[in-house]
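Residue strings, one per chain:
Protein chains: 2
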Amino acid sequence: MTFEVTILGSSSASPSYQRHPSAQVLNILERFFLIDCGEGTQIQMERYKIKYHRINRIFISHLHGDHYLGLMGLMSTMHLQGRTKELHIYAAKELEEIIDIQLKYSQTTLRYPVIYHYTNAEKSEVIFEDDQLTIETIILNHRIPCTGFLFKEKRKPRKLIREMVEKYNIPVSALHAIKSGEDYNFNGKMIPNNEITIQSHTARSYAYCSDTLYDERILEQITGIDMLYHESTFTHDLIERAMETFHTTSKQAGMMATKAKVGKLLIGHFSARYKELNTMLKEAESEFKNTWLAIEGETFSTE
Amino acid sequence: MTFEVTILGSSSASPSYQRHPSAQVLNILERFFLIDCGEGTQIQMERYKIKYHRINRIFISHLHGDHYLGLMGLMSTMHLQGRTKELHIYAAKELEEIIDIQLKYSQTTLRYPVIYHYTNAEKSEVIFEDDQLTIETIILNHRIPCTGFLFKEKRKPRKLIREMVEKYNIPVSALHAIKSGEDYNFNGKMIPNNEITIQSHTARSYAYCSDTLYDERILEQITGIDMLYHESTFTHDLIERAMETFHTTSKQAGMMATKAKVGKLLIGHFSARYKELNTMLKEAESEFKNTWLAIEGETFSTE
Chain Z
1 MTFEVTILGS
11 SSASPSYQRH
21 PSAQVLNILE
31 RFFLIDCGEG
41 TQIQMERYKI
51 KYHRINRIFI
61 SHLHGDHYLG
71 LMGLMSTMHL
81 QGRTKELHIY
91 AAKELEEIID
101 IQLKYSQTTL
111 RYPVIYHYTN
121 AEKSEVIFED
131 DQLTIETIIL
141 NHRIPCTGFL
151 FKEKRKPRKL
161 IREMVEKYNI
171 PVSALHAIKS
181 GEDYNFNGKM
191 IPNNEITIQS
201 HTARSYAYCS
211 DTLYDERILE
221 QITGIDMLYH
231 ESTFTHDLIE
241 RAMETFHTTS
251 KQAGMMATKA
261 KVGKLLIGHF
271 SARYKELNTM
281 LKEAESEFKN
291 TWLAIEGETF
301 STE
Chain V
1 MTFEVTILGS
11 SSASPSYQRH
21 PSAQVLNILE
31 RFFLIDCGEG
41 TQIQMERYKI
51 KYHRINRIFI
61 SHLHGDHYLG
71 LMGLMSTMHL
81 QGRTKELHIY
91 AAKELEEIID
101 IQLKYSQTTL
111 RYPVIYHYTN
121 AEKSEVIFED
131 DQLTIETIIL
141 NHRIPCTGFL
151 FKEKRKPRKL
161 IREMVEKYNI
171 PVSALHAIKS
181 GEDYNFNGKM
191 IPNNEITIQS
201 HTARSYAYCS
211 DTLYDERILE
221 QITGIDMLYH
231 ESTFTHDLIE
241 RAMETFHTTS
251 KQAGMMATKA
261 KVGKLLIGHF
271 SARYKELNTM
281 LKEAESEFKN
291 TWLAIEGETF
301 STE
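Top to bottom, those sequences are chains Z and V.
Residue numbers 1 to 303, in this note's numbering, belong to the letters of the first sequence in order.
Residue numbers 1 to 303, in this note's numbering, belong to the letters of the second sequence in order.
Among these hints, one or two may not hold up.
Below 25 Å or equal to it, Euclidean Cα-Cα: the simulated DSS-like pairs (lysine-lysine) are [claimed, not checked]:
id, chain 1, residue 1, chain 2, residue 2
1, Z, Lys49, Z, Lys93
2, Z, Lys282, Z, Lys123
3, V, Lys189, Z, Lys104
4, Z, Lys259, Z, Lys123
5, V, Lys51, Z, Lys104
6, V, Lys167, V, Lys154
7, V, Lys154, V, Lys259
8, Z, Lys275, Z, Lys289
9, Z, Lys49, Z, Lys154
10, Z, Lys259, Z, Lys275
11, Z, Lys154, Z, Lys275
12, Z, Lys49, V, Lys275
13, V, Lys154, Z, Lys275
14, Z, Lys275, V, Lys51
15, V, Lys104, Z, Lys123
16, V, Lys156, V, Lys179
17, Z, Lys104, Z, Lys49
18, Z, Lys104, V, Lys159
19, V, Lys104, V, Lys49
20, V, Lys154, V, Lys104
21, Z, Lys159, Z, Lys179
22, V, Lys167, V, Lys189
23, V, Lys179, V, Lys159
24, V, Lys167, Z, Lys93
25, V, Lys154, V, Lys264
26, Z, Lys261, Z, Lys275
27, V, Lys154, Z, Lys51
Just so you know, the hints here were simulated from the structure itself, not pulled from any lab data.
No experiment lies behind these values; they were computed from the predicted model shown.
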């Protein structure tokens, strides 16, 4: 029942100390979603054993280079490896133009279809939905149009206990109501639902919020989620610099996690000025205890 | 009297085994020239301690992504680090459009001037010249327009031996001819030039040839140079694949070095199919003994 994110890059705009720019892979029940794709993402994927062909949907938060410059190279490698499967890209519409001009001048026709889904940085929208999950944009507050992404599993129906279905001779027509949680009327005696069913796994959720000013308007969407990645470009002594550049401090990331009552906080997008990150971690932890540094190569689950 | 090249990337189009796409830095007397700039070049520069601000001229062979996709990120980092110095880029003219569209959508105005020098893939030209060196394009034979680059130091005038200038009481008017190698007529007696002068350092040369079919038309330019980098994407059993894709085999790279009577051969641009590279090396060495693998992080000089 996998629901976990692997960090491929945690650096902000200027990579340093061998940290790479933003990229992470979310694995939900062995479906892999690539979130942002900074320069070097394909090499990081190889390093951390994430197969290119497992990626079918890529989400780009905004068009600052440290969030998308690895995409063209990854798309080329998928092409050279013989991919024929559709690739879905969720991004600002201008990204399509950036990719197309590069394909044109390299005289490359991709062997696989690319389907662009344009994000709207003015209004949160559901951009993907199937029977397992929904993916919504989160409106962030950055220097250029920028969206985060919220991945939510759907609540699953309860599972029937086969022996009980037989014991009470439950007809097929009653099963739907029971799976959705209702008790069962057996010859006038109410049988409690939890005697006939067990719970399926809990619906889990993950929000990716980079890059942004501290902005509580996102609370409406992220409150109560299991795991939040929030950018933390600076320590709080540089709050003014954070505000000028539309970024967040580690203290503010911790405050956001507390207000949103999330289960776990990951912080990343570290400025090149920080060689060691413990100060950042301590600062965020002082606001929200269950905080983790989004170190490259590490995997975090909602458990 | 430095004249050496440091390899930052040696992979062909799909990076693998943690090899990076093409990039190298040529250091001529502490002037640094970046040749090709594949994805991840800025991280490789940081790894091998090459300062971004030392790079003033960048040479891009062609517009396949594995040769230029690191440029936008490097240019952004130079901007963020406060660069104000001019940056010169030698490349196909379409690269300017690719860079400009990305600057536009990231709403970035670089703090430093970028000066594009368009290369012509039809005709070899001197694209840079000063009192120390000339840089020429080499016309390569690839699927899309592609040029190599030939860096040649100028022959230096011979150095005067001060004691001899005094001994023979040589007038200033005669110095120019003596420095260019002429003997000196001292009261009717010819003084041999090598008694009055010593040789300056030899003019050194380096050619970068990637990507290309094996094509002997380049011999005219590269014959007798000190050091040749020639692509070697495949081993010779894959000669047909090499020809289909406009690449060269390691055996052919060795043949080219022998025909061109170069001092030293570096081979690189290794296909993702080769985990270990000794077979390639042996194959090239069987044609040209002084062959070296362009391993990332290694530095090669003309000596």
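Quiz item: Looking back at the numbered hints, which does the structure fail to meet, lowest number first?
Solution: 1, 2, 3, 5, 6, 9, 10, 11, 13, 17, 18, 19, 20, 24, 26 and 27
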